[in-house]
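J.: Sequential numbering of the sequence shown, starting at 106, is according to the numbering used here.
Please note: incorrect hints may appear among the correct ones.
To be verified - Label-pair restraints from in silico Cβ distances:
#, residue 1, residue 2, range
1, Gly234, Val285, 36 to 42 Å
2, Met106, Gly289, 30 to 36 Å
3, Ala167, Val211, 28 to 34 Å
4, Val293, Ala167, 27 to 33 Å
5, Met106, Pro186, 22 to 28 Å
6, Met106, Pro231, 47 to 53 Å
7, Ala264, Leu207, 17 to 23 Å
8, Val335, Ala167, 34 to 40 Å
Keep in mind the hints are simulated off the structure, nothing from the lab.
Note that beta-carbon positions come from the ideal geometry of N, C-alpha and C, so glycine has one too.
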Amino acid sequence: MEALLLAALFLAAAALYASVGHAGASAYLAAMALVGVTPETMRPTALTLNLFVAGIVVVRFASAGHLPWRSLVPLVVASVPAAFVGGLVQLPNELYRPLVALVLIVGAWRLATRRFGREPVHARVPILGGLAAGGAIGLLAGLTGTGGGIFLTPLLVMAGWAPTRQAAGLSGAFILANSVAGLGGVLVGGLTLPRELPLWVLAVGVGGLAGSWLGAARFSVLTLRRTLAVVLVVAAAKLVFLP
106 MEALLLAALF LAAAALYASV GHAGASAYLA AMALVGVTPE TMRPTALTLN LFVAGIVVVR
166 FASAGHLPWR SLVPLVVASV PAAFVGGLVQ LPNELYRPLV ALVLIVGAWR LATRRFGREP
226 VHARVPILGG LAAGGAIGLL AGLTGTGGGI FLTPLLVMAG WAPTRQAAGL SGAFILANSV
286 AGLGGVLVGG LTLPRELPLW VLAVGVGGLA GSWLGAARFS VLTLRRTLAV VLVVAAAKLV
346 FLP
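Could you put the whole structure together from the sequences, leaning on the hints where they help?
T.: Rendered as structure tokens:
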């Protein structure tokens, strides 16, 4: 029964997050914590589900022409090693959780209320800016155990480095790279995966396909931004109220 409940929660989370180019790791961790999944199983399971959804997002947004590979390179080059380092650092929960939640809330407010001009058509992530942002967000991703897209997407949009759909595509690829690095680290330390994993992979696959289709081809830019704002608020609430 718990496996089916988690499958339903995972499907809904994957659909919501994939629509804005994210993979949903924080939502999977929260759902498993609520149901009582053991900690040693939660992290590798969330990373595995993250890989599948991020892969779907990348294929969907790339095939729709919303993934500028040149902009991705500086972000990923800096983020992967930084995420690895961040995973080695243990900050007290009472310090980083409120700070990260504050960043997410401010980002959500800016996305929901700011009047954006016409979307940039030929925008590109600057090399130095991309390296700095990728490194900082990669470190934050390692500290929080997420793929980092929750921080990258609003930055890309608000800095004018990418139009909204391209920001979603870039975030999906960014999350995929960081999740591969994170799962590699877990493999080195010993991997514990539940027997229900195939069911959960199927659930997030369906949710990821539906959400990425809506985000890449159906949602308006305004809808994407408002959906992203909701995702940021949900993530902030999980950081503050869930263990």
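J.: So does Gly234 sit 36 to 42 Å from Val285, Cβ to Cβ?
T.: 24 Å, violated
J.: Is it true that the C-beta distance of Met106 to Pro186 lies inside 22 to 28 Å, as the hint says?
T.: Between Met106 and Pro186, where Cβ atoms are some 42 Å apart, the hint is violated.
J.: Quick check: does the Cβ-Cβ distance between Val335 and Ala167 fall within 34 to 40 Å?
T.: Because 25 Å falls outside the window, the suggested range is violated.
J.: Note whether the CB distance of Met106 and Gly289 lies within 30 to 36 Å or breaks it.
T.: 33 Å, holds
J.: Quick one: are Ala264 and Leu207 within 17 to 23 Å, going by C-beta?
T.: 19 Å, holds
J.: Tell me if the beta carbons of Met106 and Pro231 are separated by a distance inside 47 to 53 Å.
T.: 51 Å, holds
J.: May I ask you to test the hint 28 to 34 Å on the CB atoms belonging to Ala167 and Val211?
T.: Holds, since Ala167 and Val211 (Cβ atoms, about 30 Å apart) stay within the stated range.
J.: For Val293 and Ala167, compare the CB-CB distance with the range 27 to 33 Å and indicate the outcome.
T.: Holds, since Val293 and Ala167 (Cβ atoms, about 30 Å apart) stay within the stated range.
Hint violations for this structure: numbers 1, 5, 8, all remaining hints satisfied.
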